[in-house]
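Listed below, chain by chain, are the residues.
Number of protein chains: 2
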Amino acid sequence: MEYLKNPMGIEEKSFEIIGNEMGPHSFTEEELLIVKRTIHTTADFEYRDLVEISETAIETGKNLFKNGTMIYTDTNMALNGINKIALDKTNSKVICYVNEEIVHKEAREKNITRSMAAVEKACSDNVDIFVFGNAPTALFRLKELIKEGKANPKLIIAVPVGFVGAAESKENMDQLDIPYIRVKGRKGGSTVAAAIINALMYMVVER
Amino acid sequence: MEYLKNPMGIEEKSFEIIGNEMGPHSFTEEELLIVKRTIHTTADFEYRDLVEISETAIETGKNLFKNGTMIYTDTNMALNGINKIALDKTNSKVICYVNEEIVHKEAREKNITRSMAAVEKACSDNVDIFVFGNAPTALFRLKELIKEGKANPKLIIAVPVGFVGAAESKENMDQLDIPYIRVKGRKGGSTVAAAIINALMYMVVER
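Chains W and H, in that order, give the protein sequences. First residue of the first sequence? That's 99 in the numbering used here, and the numbers climb one at a time after it. First residue of the second sequence? That's 99 in the numbering used here, and the numbers climb one at a time after it.
Read the hints as simulated data drawn from the structure, not as lab findings. Since the model is a prediction, treat every value here as computed from it, not as a measurement. Be aware that a few hints might be false.
Because identical chains cannot be distinguished in the list, a pair is counted as satisfied if it fits within a single copy or across any two copies.
As the list claims (entries may be wrong) - Mimicking DSSO-like on lysine-lysine, the simulated pairs with C-alpha atoms at most 27 Å apart in a straight line are:
#1 K182 / K248
#2 K160 / K208
#3 K187 / K203
#4 K219 / K182
#5 K182 / K208
#6 K203 / K182
#7 K111 / K248
#8 K111 / K203
Next comes chain W alone, as it looks inside the complex (with noise of 0.2 Å):
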């Protein structure tokens, strides 16, 4: 049987179809460079009115990435999603605490949840971006943090899936005076955000 397996030729073959099916759209060019890429990852073109890019966002992930930066991601399948390659030749990290034990223990203690107990440690660390694909409840803890003055992220990536917290986790973004690319509703996921985390940094990188 006849298919195309080169990789770096499907993927720009799909983003010609997402592009030619996707419909009217006002995005700007770096823009739908996100929105395409979230497209790609599911298959749903309801990410073209679901994804919300707050004016500066896509300027400080540039300048972000291409100083070197740090990264929380709030699950392992967030951070194996990130194109190694490219955080390497942004000169930047990415962290996920959720598998440490001093994670889990605070999580017991506390009866809160493990990502929740992460982003208080990222908090304590230099973290630049916060990266939600997951859990709201940690997304709500770094708001919290915010308010408190306790955290001073540059960028969030905004995009937990579900039905209990994920969309109103994402609401008031814009109320936190912090850029931020978020996922409206209950649709997202780590697969979509490690996906807008990759057009970030293909924003600034040769692949």
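Given chain W, work out where chain H should sit, using these hints.
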């Protein structure tokens, strides 16, 4: 702000909401556990109509996990999403060769995808369950190897996502005479693949 912080509580509540909103269906109780988990990980109710479970797939999966089994995944992201505690409890293992140097080399030399080269390697090992969340090329290759008598998987999870080859790779699964779970059309992905494996494991082990 008040929000639900207990992980098991969040999952239970989510499944309740999914049950209430998913509308009429004709799934068995066990099929429903799989379908609900795909909706849980995507917040996309379309999966109700896209998931197809072959007649003996669940029984086969349960028996494999009862006796300890070997799983191949096409990406590290899918591997990462599989619950390692449940995996240990079922005495099972999961492998994904895409980051191994020998697989890189083979892919470069043959100008094929890494997951395609990885599936060839997996066929020479004792792999029972083949899981595809991303790479149609790998699923195409497995089907070729089956037809050539060079592979004999016991269960196939066929859920590659995408616009080039994904839908086609999942067609005619019923002609292989091997139990399978698939997502029809373009949708699917690593998170969906992991969700299906987790659903099967949770049928045979306490969490």
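For K203 and K182, with the copy left unspecified, which applies at a CA distance of at most 27 Å: within, between, both, or neither? Cα proximity of K203 and K182: across copies only (18 Å, versus 29 Å in one copy).
K111 and K248: within-copy, between-copy, both or neither at 27 Å Cα: Neither way: K111 and K248 sit 45 Å apart in one copy and 31 Å across, limit 27 Å.
Task: Within, between, both or neither: K182, K208 at alpha-carbon 27 Å - done: between (34 Å within a copy, 23 Å between copies)
**OP:** State whether the alpha carbon distance between K160 and K208 is at most 27 Å within one copy, between copies, both, or neither.
**Re:** This pair counts as neither: shortest intra-copy Cα distance 37 Å, inter-copy 35 Å.
Point to revise | Same-copy or cross-copy closeness of K219 to K182 [CA-CA at most 27 Å] | key: So K219 and K182 pass the 27 Å test inside a copy (23 Å) and across (23 Å) alike.
Within, between, both or neither: how does the pair K182, K248 come out at a Cα-Cα threshold of 27 Å? neither (29 Å within a copy, 33 Å between copies)
Given identical chains, is K111 near K203, meaning Cα to Cα at most 27 Å, within a copy, between copies, both, or neither? between (47 Å within a copy, 24 Å between copies)
Homo-oligomer pair classification [K203, K187; C-alpha up to 27 Å]: between (35 Å within a copy, 21 Å between copies)
Hints 1, 2 and 7 from the earlier list are contradicted by this structure; the remaining hints agree with it.
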